[in-house]
Amino acid sequence: MIELVSGNPVQAFVQQVVSGLASGAVYASLALSLVLIYRAMDVANFAQGEMAMFSTFIAYALITGFHLPYLIAFALTIAISFGGGVLIERVVIRPFEGSSVLTLVIVTLALFSIVNGTAGLIWGYVFKTFDSPFQFGAVHFQGLYIGYQDLGIIGVTLVVLALVFVFFRYTKLGLAMRAASLYPEASRLLGVRTGWMLAFGWGISAAVGAVSGMMIAPVVFLDPGFMQPVLLFAFVGAVLGGIESPLGAVVGGVLVGVLLALLGTYVPGGENLRIAMGLVVIVAVLLIKPAGLFGRSEVRRV
Amino acid sequence: MNARVAGFPIYTLVMAGVALIVFIGIPLTTNSFQTFQFANVAAFVIAIVGLNILTGYSGQISLGNGAFMAVGGYTTALLAAKWPLPFIGFVPYGYTIPLAGLVAALLGFLIGIPALRLRGIYLALATFALALAVTPVLNNYDGFTGGHAGVFMKSATPPFGLDLSNDQWLYFMCWAIAAILYVPAFLMLRSRTGRAWMAIRDSETAAVSSGISLAYYKTLAFGISAFYAGIAGSLFVINNAYVDPDSYSLALSLTLLIGLVIGGLANVWGPILGGLLVVWLPYFAEKSAGFRLGPISLGGKPDIEFGIVLILIVFFAPNGLTGLIGRGIRWYRSKRDAGRGAAPLPAPAVLEEATQGGEPSEIIG
Amino acid sequence: MALLELTEVHAGYGAIKALHGVSVSVEPGSIVAILGANGAGKTTTLRSISGMVKSAGRITFDGKEITNHKPEDIARRGIAHVPEGRGTLAQLTVWENLQMGAYVRRDRRRVKQDYDRVMEYFPWMGRRRDQVAALLSGGEQQMLAIGRALMMAPRLLLLDEPSLGLAPIVIREIFEIVGTISKEQDLTVLIVEQNANLALRAAQRAYVLEVGRVVLEGPAAELARHESVRKSYLGQ
Numbered sequence: 001m002i003e004l005v006s007g008n009p010v011q012a013f014v015q016q017v018v019s020g021l022a023s024g025a026v027y028a029s030l031a032l033s034l035v036l037i038y039r040a041m042d043v044a045n046f047a048q049g050e051m052a053m054f055s056t057f058i059a060y061a062l063i064t065g066f067h068l069p070y071l072i073a074f075a076l077t078i079a080i081s082f083g084g085g086v087l088i089e090r091v092v093i094r095p096f097e098g099s100s101v102l103t104l105v106i107v108t109l110a111l112f113s114i115v116n117g118t119a120g121l122i123w124g125y126v127f128k129t130f131d132s133p134f135q136f137g138a139v140h141f142q143g144l145y146i147g148y149q150d151l152g153i154i155g156v157t158l159v160v161l162a163l164v165f166v167f168f169r170y171t172k173l174g175l176a177m178r179a180a181s182l183y184p185e186a187s188r189l190l191g192v193r194t195g196w197m198l199a200f201g202w203g204i205s206a207a208v209g210a211v212s213g214m215m216i217a218p219v220v221f222l223d224p225g226f227m228q229p230v231l232l233f234a235f236v237g238a239v240l241g242g243i244e245s246p247l248g249a250v251v252g253g254v255l256v257g258v259l260l261a262l263l264g265t266y267v268p269g270g271e272n273l274r275i276a277m278g279l280v281v282i283v284a285v286l287l288i289k290p291a292g293l294f295g296r297s298e299v300r301r302v
Numbered sequence: 001m002n003a004r005v006a007g008f009p010i011y012t013l014v015m016a017g018v019a020l021i022v023f024i025g026i027p028l029t030t031n032s033f034q035t036f037q038f039a040n041v042a043a044f045v046i047a048i049v050g051l052n053i054l055t056g057y058s059g060q061i062s063l064g065n066g067a068f069m070a071v072g073g074y075t076t077a078l079l080a081a082k083w084p085l086p087f088i089g090f091v092p093y094g095y096t097i098p099l100a101g102l103v104a105a106l107l108g109f110l111i112g113i114p115a116l117r118l119r120g121i122y123l124a125l126a127t128f129a130l131a132l133a134v135t136p137v138l139n140n141y142d143g144f145t146g147g148h149a150g151v152f153m154k155s156a157t158p159p160f161g162l163d164l165s166n167d168q169w170l171y172f173m174c175w176a177i178a179a180i181l182y183v184p185a186f187l188m189l190r191s192r193t194g195r196a197w198m199a200i201r202d203s204e205t206a207a208v209s210s211g212i213s214l215a216y217y218k219t220l221a222f223g224i225s226a227f228y229a230g231i232a233g234s235l236f237v238i239n240n241a242y243v244d245p246d247s248y249s250l251a252l253s254l255t256l257l258i259g260l261v262i263g264g265l266a267n268v269w270g271p272i273l274g275g276l277l278v279v280w281l282p283y284f285a286e287k288s289a290g291f292r293l294g295p296i297s298l299g300g301k302p303d304i305e306f307g308i309v310l311i312l313i314v315f316f317a318p319n320g321l322t323g324l325i326g327r328g329i330r331w332y333r334s335k336r337d338a339g340r341g342a343a344p345l346p347a348p349a350v351l352e353e354a355t356q357g358g359e360p361s362e363i364i365g
Numbered sequence: 001m002a003l004l005e006l007t008e009v010h011a012g013y014g015a016i017k018a019l020h021g022v023s024v025s026v027e028p029g030s031i032v033a034i035l036g037a038n039g040a041g042k043t044t045t046l047r048s049i050s051g052m053v054k055s056a057g058r059i060t061f062d063g064k065e066i067t068n069h070k071p072e073d074i075a076r077r078g079i080a081h082v083p084e085g086r087g088t089l090a091q092l093t094v095w096e097n098l099q100m101g102a103y104v105r106r107d108r109r110r111v112k113q114d115y116d117r118v119m120e121y122f123p124w125m126g127r128r129r130d131q132v133a134a135l136l137s138g139g140e141q142q143m144l145a146i147g148r149a150l151m152m153a154p155r156l157l158l159l160d161e162p163s164l165g166l167a168p169i170v171i172r173e174i175f176e177i178v179g180t181i182s183k184e185q186d187l188t189v190l191i192v193e194q195n196a197n198l199a200l201r202a203a204q205r206a207y208v209l210e211v212g213r214v215v216l217e218g219p220a221a222e223l224a225r226h227e228s229v230r231k232s233y234l235g236q
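Residue numbers (my numbering), protein chains in the order written: chain G, 1 to 302; chain A, 1 to 365; chain W, 1 to 236.
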């Protein structure tokens, strides 16, 4: 999806930034889904990428197996993912509410393993292609070459982020979910069923993650491991933006996308070093600004 | 029942005898593949002992100890089969083992320094990234590491004209090293150092206020943990006579953590059970039909079974299998003593500590 | 029939028992005060009513047993508990705090009426509805907590130390408003207070708790004249 049209170094640079925005948008939505769960229960969900992978396979099955039109498959996948997220919280996570960080990490890793294995069991480990919903081709603009694919990814991500924002900011349920995660005790006294709020949080998170999976799948190939690097970069984005801040997660994710695109272009062997760079960014951010770009530096817990 | 021989309770001696017979019997009675697998168990035991020090005792969550194994493994492979040193030539396998440990320990110290500032979930995230970074980095510097193709080595042969097959020799060597490394770990955990680690794990604030240096003990834990992982990585490579970057995927790091948790966090004997399970459980899962869920057979799907077993264990046996065994022994003893009408032994308290990760006392008292 | 009835309630946190058989009865439409020193079990009494702490004994609300029900179910039955520290949803705005009060209600028109009434009691809230609650003063937060409780259209209001940390003039204002609301809306109120003076003046009936037991009970006016109450709680 990267195509250099001229030798002009400034243009080449801008070109890379634009294509970085597209992958950044994917990291941003997965990072957002991580942050939604982190805010609700202080756990980094290591299975987030695998859940998104599974959702993408569902979309794949709906499109290739049931021959549904893309849009319907897309909507159905989001709905199924929401239900799956709720179910996972109720069945797997709920028994461990209030457990130590290590226990929760292990439970989400176990979930990682189960979801990954199940996808392999159903769909196998052979690479599959996931057709893009966007037209082939590109927009020419000031000597830049912006693929419909990239534009589509950015557009869909923006819509999803806007929906999530509106939901949490302007609906009663969204408000109750925010209240329940910030002030569980006080919320229960107001009649809020906090347990279900948590489950809905997992559902929404899974739905947002599903979008990130479906957006990146046409760019890479589909196999049970395809979301693992995305998960890492989403983590990097979330940490960069401040793991408690949804806005931070989005900005962080986009920044990571741009950074990696530039790295791939200007550093020899950069493709292989992308993950190592992610590690460097995580550690550097945590050392220099532990709360991230958008996090408040106050310590909430001891 | 309190009969003793040379100061040891008879019961302990009998158990030790049985263990020794089983230990020597395994390579003599199993086929070459099984012996090889049991040698790998020893390597995993060493790596899990190292992880136990870091995560179980000092409370720092590491999802990246596989990276230290990679460093150890590649140290051995490169020195012994790829890059002859000037004047010396290829380093004999045996000498590369401690070197592998030291190089890994050095990396462990270096990583332990930034890790000082990272707690809980953040450390887990950073080490997760570390685990994921290993394979692509090894691939990237393929001129040095051999890249995708990996490094092939000659298989190790028994020295001194010992009448053993290669696999038998590897089995004894790996377990001998595991036994040798168990001792300092055991002693360390019962010493000041071990108590300092546990104090840090239980409350950093309290540890600091009683004069424990966080910087020193936490980086020390990282270094030692990496040393054990490095040795394990080296043995693993020698066993397999081959190494490639894909051997060090995230799965390896997770396997170590899973082995630790299943065996029993902060329990001296946990790593042995953990090592046995992480080597043999996937094997049986793949071989057998596995358990069936309705029409779906999970045979050949160790991922799913691993995940389910893991969740069940953290739920039903949060102290791992050793914790479960400890509880079983306590239950048995209390029943036996009740039957005799004897006063309850003080032993349960000791067992309690062991399973709670307090003083690392023996499970089988 | 009493609206709320506690019979021989025991409760505690782990091994520490805070209540040793407390019996309290609250008549509909009245204001009842529970007095006592720090650690007497006042807060625990309220928490056992709203299900925030496990308890033994019998708690009935409107004739139905609610002992150890979930807090959210108890809230849905019409008990509004303004907890210690006011339960301010600090990162949410004034408007959102009030919205959360009406969370379980579906009757939009009545919610709107209740909202307008809250605005009458606390006109400043309308002007500052988009401000984050954390920026309010202590007194304003207490009023917000009461306003939010009113948005639940409760049948019983539990107030935990509304005077805590507030200036005397603000405390008086809050007690006045509570009295007015109770009268105008026929709302039953159970107040827990260390400030016995104001509580006894606002309440019709009062209980005195000491180390988890009721040591005195009676009409508020009578208790205010009681010698030991005057000595220990009114500083006279």
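For the record, the hints were derived by calculation from the structure and aren't laboratory data. Mixed in with the good hints, there may be bad ones.
Label-pair restraints from in silico Cβ distances [stated by the list, open to error]:
| no. | chain 1 | residue 1 | chain 2 | residue 2 | range |
| --- | --- | --- | --- | --- | --- |
| 1 | W | D62 | G | L173 | 54 to 62 angstroms |
| 2 | A | S210 | G | L293 | 56 to 64 angstroms |
| 3 | A | F316 | W | T7 | 47 to 55 angstroms |
| 4 | G | F167 | A | Y141 | 45 to 53 angstroms |
| 5 | W | R58 | A | R327 | 35 to 43 angstroms |
| 6 | W | R117 | A | S210 | 53 to 61 angstroms |
A virtual CB, placed ideally from N, CA and C, is assigned to each residue, including glycine.
Which numbered conditions among the earlier hints are violated in the structure presented, ordered from lowest to highest?
Those not satisfied are hints 1, 2 and 3.
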